[in-house]
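Undergrad: Protein chains in written order, with our numbering: chain A, 12 to 154; chain B, 12 to 154; chain C, 12 to 154; chain D, 12 to 154; chain E, 12 to 154; chain F, 12 to 154.
Accuracy of the hints is not assured; some may be wrong.
Since the list gives no way to pick out one identical chain from another, each pair is judged satisfied if it fits inside one copy or across any two copies.
[Unchecked claim] In silico EDC-like cross-links for lysine to aspartate or glutamate, where the CA-CA straight-line distance does not exceed 16 Å:
(1) K122 to E84
(2) K131 to D87
(3) K104 to E84
(4) K131 to E120
I should point out that these hints are in silico values taken from the structure, not numbers from a laboratory.
6 protein chains.
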Amino acid sequence: MIYVSRKEHFNAAHKLYNPQWSKEKNVEVFGPCANENWHGHNFELITTVAGMPDPDTGFVVDLKKLSILIRAEVIDKLDHKNLNLDVDFMKDKMASTEILAIEIWKILEPKISRISKFGKLYSIKLYETPRNFVEYFGEASNP
Amino acid sequence: MIYVSRKEHFNAAHKLYNPQWSKEKNVEVFGPCANENWHGHNFELITTVAGMPDPDTGFVVDLKKLSILIRAEVIDKLDHKNLNLDVDFMKDKMASTEILAIEIWKILEPKISRISKFGKLYSIKLYETPRNFVEYFGEASNP
Amino acid sequence: MIYVSRKEHFNAAHKLYNPQWSKEKNVEVFGPCANENWHGHNFELITTVAGMPDPDTGFVVDLKKLSILIRAEVIDKLDHKNLNLDVDFMKDKMASTEILAIEIWKILEPKISRISKFGKLYSIKLYETPRNFVEYFGEASNP
Amino acid sequence: MIYVSRKEHFNAAHKLYNPQWSKEKNVEVFGPCANENWHGHNFELITTVAGMPDPDTGFVVDLKKLSILIRAEVIDKLDHKNLNLDVDFMKDKMASTEILAIEIWKILEPKISRISKFGKLYSIKLYETPRNFVEYFGEASNP
Amino acid sequence: MIYVSRKEHFNAAHKLYNPQWSKEKNVEVFGPCANENWHGHNFELITTVAGMPDPDTGFVVDLKKLSILIRAEVIDKLDHKNLNLDVDFMKDKMASTEILAIEIWKILEPKISRISKFGKLYSIKLYETPRNFVEYFGEASNP
Amino acid sequence: MIYVSRKEHFNAAHKLYNPQWSKEKNVEVFGPCANENWHGHNFELITTVAGMPDPDTGFVVDLKKLSILIRAEVIDKLDHKNLNLDVDFMKDKMASTEILAIEIWKILEPKISRISKFGKLYSIKLYETPRNFVEYFGEASNP
Numbered sequence: 012m013i014y015v016s017r018k019e020h021f022n023a024a025h026k027l028y029n030p031q032w033s034k035e036k037n038v039e040v041f042g043p044c045a046n047e048n049w050h051g052h053n054f055e056l057i058t059t060v061a062g063m064p065d066p067d068t069g070f071v072v073d074l075k076k077l078s079i080l081i082r083a084e085v086i087d088k089l090d091h092k093n094l095n096l097d098v099d100f101m102k103d104k105m106a107s108t109e110i111l112a113i114e115i116w117k118i119l120e121p122k123i124s125r126i127s128k129f130g131k132l133y134s135i136k137l138y139e140t141p142r143n144f145v146e147y148f149g150e151a152s153n154p
Numbered sequence: 012m013i014y015v016s017r018k019e020h021f022n023a024a025h026k027l028y029n030p031q032w033s034k035e036k037n038v039e040v041f042g043p044c045a046n047e048n049w050h051g052h053n054f055e056l057i058t059t060v061a062g063m064p065d066p067d068t069g070f071v072v073d074l075k076k077l078s079i080l081i082r083a084e085v086i087d088k089l090d091h092k093n094l095n096l097d098v099d100f101m102k103d104k105m106a107s108t109e110i111l112a113i114e115i116w117k118i119l120e121p122k123i124s125r126i127s128k129f130g131k132l133y134s135i136k137l138y139e140t141p142r143n144f145v146e147y148f149g150e151a152s153n154p
Numbered sequence: 012m013i014y015v016s017r018k019e020h021f022n023a024a025h026k027l028y029n030p031q032w033s034k035e036k037n038v039e040v041f042g043p044c045a046n047e048n049w050h051g052h053n054f055e056l057i058t059t060v061a062g063m064p065d066p067d068t069g070f071v072v073d074l075k076k077l078s079i080l081i082r083a084e085v086i087d088k089l090d091h092k093n094l095n096l097d098v099d100f101m102k103d104k105m106a107s108t109e110i111l112a113i114e115i116w117k118i119l120e121p122k123i124s125r126i127s128k129f130g131k132l133y134s135i136k137l138y139e140t141p142r143n144f145v146e147y148f149g150e151a152s153n154p
Numbered sequence: 012m013i014y015v016s017r018k019e020h021f022n023a024a025h026k027l028y029n030p031q032w033s034k035e036k037n038v039e040v041f042g043p044c045a046n047e048n049w050h051g052h053n054f055e056l057i058t059t060v061a062g063m064p065d066p067d068t069g070f071v072v073d074l075k076k077l078s079i080l081i082r083a084e085v086i087d088k089l090d091h092k093n094l095n096l097d098v099d100f101m102k103d104k105m106a107s108t109e110i111l112a113i114e115i116w117k118i119l120e121p122k123i124s125r126i127s128k129f130g131k132l133y134s135i136k137l138y139e140t141p142r143n144f145v146e147y148f149g150e151a152s153n154p
Numbered sequence: 012m013i014y015v016s017r018k019e020h021f022n023a024a025h026k027l028y029n030p031q032w033s034k035e036k037n038v039e040v041f042g043p044c045a046n047e048n049w050h051g052h053n054f055e056l057i058t059t060v061a062g063m064p065d066p067d068t069g070f071v072v073d074l075k076k077l078s079i080l081i082r083a084e085v086i087d088k089l090d091h092k093n094l095n096l097d098v099d100f101m102k103d104k105m106a107s108t109e110i111l112a113i114e115i116w117k118i119l120e121p122k123i124s125r126i127s128k129f130g131k132l133y134s135i136k137l138y139e140t141p142r143n144f145v146e147y148f149g150e151a152s153n154p
Numbered sequence: 012m013i014y015v016s017r018k019e020h021f022n023a024a025h026k027l028y029n030p031q032w033s034k035e036k037n038v039e040v041f042g043p044c045a046n047e048n049w050h051g052h053n054f055e056l057i058t059t060v061a062g063m064p065d066p067d068t069g070f071v072v073d074l075k076k077l078s079i080l081i082r083a084e085v086i087d088k089l090d091h092k093n094l095n096l097d098v099d100f101m102k103d104k105m106a107s108t109e110i111l112a113i114e115i116w117k118i119l120e121p122k123i124s125r126i127s128k129f130g131k132l133y134s135i136k137l138y139e140t141p142r143n144f145v146e147y148f149g150e151a152s153n154p
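So here's chain A without its partners, still in its complex pose (with noise of 0.2 Å):
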């Protein structure tokens, strides 16, 4: 097995801001980060496959191929939007990181065998800035 990875990035605005409390609850717990208008980050969003590599190309998946699944699949949803208004996927949802990472995967685990006869999505790492950042390995696996 070898782990391949794609890094990739897009830029969005949310904010995080849970409807059933009220907007002082959401301040308290939130802080700036609940601010009503919104404020934005340029994400970077490692994808990594696992696999093994296919003799006839060295390759687990190719880089190309899959770089062409995350844009159409995840980035054009998600690149100069807004998290909490314009995302499908992410309605009714708290736009945190954590929460988008997970999102993300659900989107592309089931997407990777259509570009590649050896490699199962292994990971997704999202950097919300340089110091803040999240990944996960899917329901069942752990690192």
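With the hints as your guide, set chains B, C, D, E and F onto chain A.
TA: Using the frame of chain A, we list chains B, C, D, E and F on its own:
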């Protein structure tokens, strides 16, 4: 003369939108940057002060004081904010990186003398993303 | 389970020196790292907490609270300090990056429950330079 | 157990080309990476060794010795070279990042015991670009 | 005047080789950079345009248009190519970073007016590696 | 004219301390930077040489020779050292980044002609941290 720089960061939402144009024209000119529900960035701000070092300290400017000044006068007004809606000094201006850098210069330039006997503001460099950035040296001067 | 990380930094002096050895033996083993007048680094510290996201916030742990905890318990004791002379929890220990990472784990591990219902400390990653770094996952666990 | 890493770099040319295929098939599969006149990269190589710290030094492995070993056994054979033409251990292999990482593992794994009583090779992480990278943990182990 | 920059990248092979010298003299002068089977780099190219912001857009130059121009005129001719063999504008020239930056300037300088009413090309900065880079400001001008 | 740069690094300890002041005054002015037991940094040093490329090599300066010169004349005197105690050219000077950059300029400026027919030292840029840095262009010149 020696040039001393401090890097700070802030996260903000914005859109590029000229209110004198139709929505269609804005989308035509600004593309996804005109998304009406906003998008955002992790901005990096580099402030450079030029001068002779103070013989008592070896400093052109105490970078701790420069950091406190930049945070109080600039970062606190921009971080976790919407550049179009929440920032008084950006009111009725295009929320481009160019205009934002010029406005930050106008705020900081007259205040450097408060914290430095020997230094003057030399440039404001502002990264919207690691790939897109601007630098401003004031009205009268070139680099 | 999702893994959430926060990066902090501190600047410190240290030397690598085994007091049970002669000066010559120390120089032989540690080379310039044994310089008796010290040297130093900009350390980068990445703390990772693992857990389920809280359904109310979407957070495994509030990264603002995690940052405050790390600064109070670790950074304030290390930043602008001498690791061999000024740091109580490094007393009589080798000031290597390995040992420092293990001691930071011991400090933070029991305190994560104060700020997170769902998360546990997963790893401490410590960069001495961009080229030399260590990671520790606790006594009982592997990555 | 603690995991200790060293980053090195090398610059090399290569192409992706399966000699059992026609030129057209190679271009179809590998696109511009099959350019017959080669292209190249600044590779970054991160070698991670896992073990218990030596009580006398606080080290799992002396990173100076690890650096010298990696340079002698790997970097000197790859830096400013053509991966397809100049590198004996890549002869008749696909010059993909995956295969190169596996071959570097095979070279370094048996040699770590020369420089470390307590450590074993844990992983080889190889960046072809800042956006494309692979990691290998050996045949028997997962991360 | 404000200075606006866009960063792009390309991967290429090259060697440093003066055809008027013997092979021995080339190796003596250029060392491993003269390897006859080539080596390569991930180049980073920063293009800076200077001018006044357009009052309608807040832009000196639309960075999307600048990116498209750089890709069409420069990146597409260099990426996944051999600088000595595949690039018409480098024919019979030394494939040094200095010469490449000057040639990129010559290509882009007359074309900036196509995409910007107010801006002129100010500099071409070219990173061969993160440690080795050059900057060119045109024949007539200094920084 | 073209501007050619080389980045090197060194790790050093220092403190900011004016011996003509009381200990209290030093702490008041320099804060934790005056810690009597020192602190330290990973410094990054960028040396820029300006000139015309040599037609035989395409080089303003051979960056391998520039690197060897910087290491012999500067890095070897600073790396794994204490800037206040171990460095002859910093004796009786404030160990600020500003003063250190000026002293490095004085050392390197007269020696560039040894390795380059066409180039002159243009600037010394010195990063104390990724957030705090200075640049010096010599007594007579501005950028």
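Undergrad: All the hints need checking, so say for each whether the structure fits it.
TA: Status of each hint after checking the structure:
1. In this homomeric assembly, K122 and E84 come within 16 Å of each other (Cα to Cα) only inside a single copy, at 9 Å, whereas the closest approach across copies is 35 Å.
2. In this homomeric assembly, K131 and D87 never come within 16 Å of each other (Cα to Cα): the closest approach is 22 Å inside a single copy and 32 Å across copies.
3. In the homo-oligomer, the alpha carbons of K104 and E84 never lie at most 16 Å apart, since the shortest distance is 19 Å inside one protomer and 33 Å across protomers.
4. Taking CA atoms no more than 16 Å apart as the test, K131 paired with E120 passes inside one copy only; the shortest distance there is 7 Å, against 26 Å between copies.
Of the numbered hints stated above, those contradicted by the structure are hints 2, 3, listed in ascending order.
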